[in-house]
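Residues per chain are reported as follows:
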Amino acid sequence: DAGITQSPRHKVTETGTPVTLRCHQTENHRYMYWYRQDPGHGLRLIHYSYGVKDTDKGEVSDGYSVSRSKTEDFLLTLESATSSQTSVYFCAISGLGSSGNTIYFGEGSWLTVV
Amino acid sequence: SQELEQSPQSLIVQEGKNLTINCTSSKTLYGLYWYKQKYGEGLIFLMMLQKGGEEKSHEKITAKLDEKKQQSSLHITASQPSHAGIYLCGADEQTGANNLFFGTGTRLTVIP
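As they're listed, the protein sequences go chains V and U.
Heads up: the first sequence begins at 9 in my numbering, then just goes up one per residue.
Heads up: the second sequence begins at -4 in my numbering, then just goes up one per residue.
Next comes chain U alone, as it looks inside the complex (with noise of 0.2 Å):
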């Protein structure tokens, strides 16, 4: 079965800074979904890529979906503490039915 592996685990930047989460598959990757998870709340749903290269931006988070449809990443410009929380990768299973399969996410946190 796929699994993705998300890198770092967790993450611990000062206000302002920039940073970049990776997500990474053995295999290619239909339908790569970036969400957001704070603490005791639900997934938000940031962006979805399909094809490669493509990249897609959402106020200061930009994701990238690399040219093999292996790797994606997720980059956050001038970080702020609105951005903590658990960022998970989601890839579709390709059943049909759009199920999705999950990374075990990475922890960010932004020190004021």
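With the rest of the complex left out, here is chain V (with noise of 0.2 Å):
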């Protein structure tokens, strides 16, 4: 297994509050990437990184910041939550940007915005 922590795996939080997830990895792969998956919906890309303060947005990014300060740490912020942000988070990590590296995903986090 790739060694990917997402950390909380679980989380309630009241909307219009601030919340941060984090990813943590121990592979030292410079490509690091949040998803959220939501039913209908699929895998969506929110934001990835290719190197230590080097981000860009993806697909759904509206409402996201990301911050990386390490290689080994991917910080996803929710400034203001809302409810359509409940959904399953998923990081991922990626050795190469070139098509035919093999992207590893980890365990995800559930949040909840009520």
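In case anyone wonders, no lab produced these hints; they're calculated from the structure.
All values reported here derive from a predicted model rather than from experimental measurement.
It cannot be assumed that every hint is accurate.
[To be verified] Derived pair list, reagent style DSBU-like, types lysine-lysine, alpha-carbon separation capped at 35 Å:
1. K12/U to K22/U
2. K31/U to K19/V
3. K65/V to K59/U
4. K22/U to K65/V
5. K31/U to K61/V
6. K46/U to K33/U
7. K65/V to K46/U
8. K59/U to K31/U
9. K12/U to K46/U
10. K63/U to K46/U
11. K61/V to K46/U
Make the complex out of the two chains shown on their own, each in a separate frame, by following the hints.
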């Protein structure tokens, strides 16, 4: 198994509160990603990082920010959580940016915004 | 933007039967990934295909990418209850960062 740890694994929060999800990897991989998974939409990319302090937006980035101050950690922040951000969030890592490199996923973080 | 269509959306088979799941794109696929997901868990990497006509196997699961690189199939031989789960295909968005976009998945149920 790839060394990816997501925390927290489950969280319930109130609308309007800030939430930070953490992804920690022990593989020293350059690329890290945050996806969300929703019924009927499958997995969609929120943000990704291609190195320390280098990040870019994905398909559904509105309402989310990320930071990567160390190779091993990629943080996803919901500045002011909304009910539409209730979802399962997956972190993924990849060693290279070119096609053909295996991408590994974490176990997921279940977030409920009430 | 590119889309991946998976079929069928759900599949119920008797243990021991063979089955096939398809993943189709309107555009050329560069790097096609297959994952399996059990309810409440993360994605498990199965296989990755790159070249037209490529075929890979792992235990009783075989994945193929057609010559035109627009369709992939996942075939399970002699299905077992342990094969049950959601199968997802993902394709490289060609941004240079290995970003993947995914199909909506196929839910497989294997009846003992």
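Hint by hint, here is what the structure shows:
no.: 1; hint: K12/U to K22/U; verdict: 32 Å, holds
no.: 2; hint: K31/U to K19/V; verdict: 24 Å, holds
no.: 3; hint: K65/V to K59/U; verdict: 31 Å, holds
no.: 4; hint: K22/U to K65/V; verdict: 23 Å, holds
no.: 5; hint: K31/U to K61/V; verdict: 31 Å, holds
no.: 6; hint: K46/U to K33/U; verdict: 28 Å, holds
no.: 7; hint: K65/V to K46/U; verdict: 29 Å, holds
no.: 8; hint: K59/U to K31/U; verdict: 16 Å, holds
no.: 9; hint: K12/U to K46/U; verdict: 29 Å, holds
no.: 10; hint: K63/U to K46/U; verdict: 9 Å, holds
no.: 11; hint: K61/V to K46/U; verdict: 34 Å, holds
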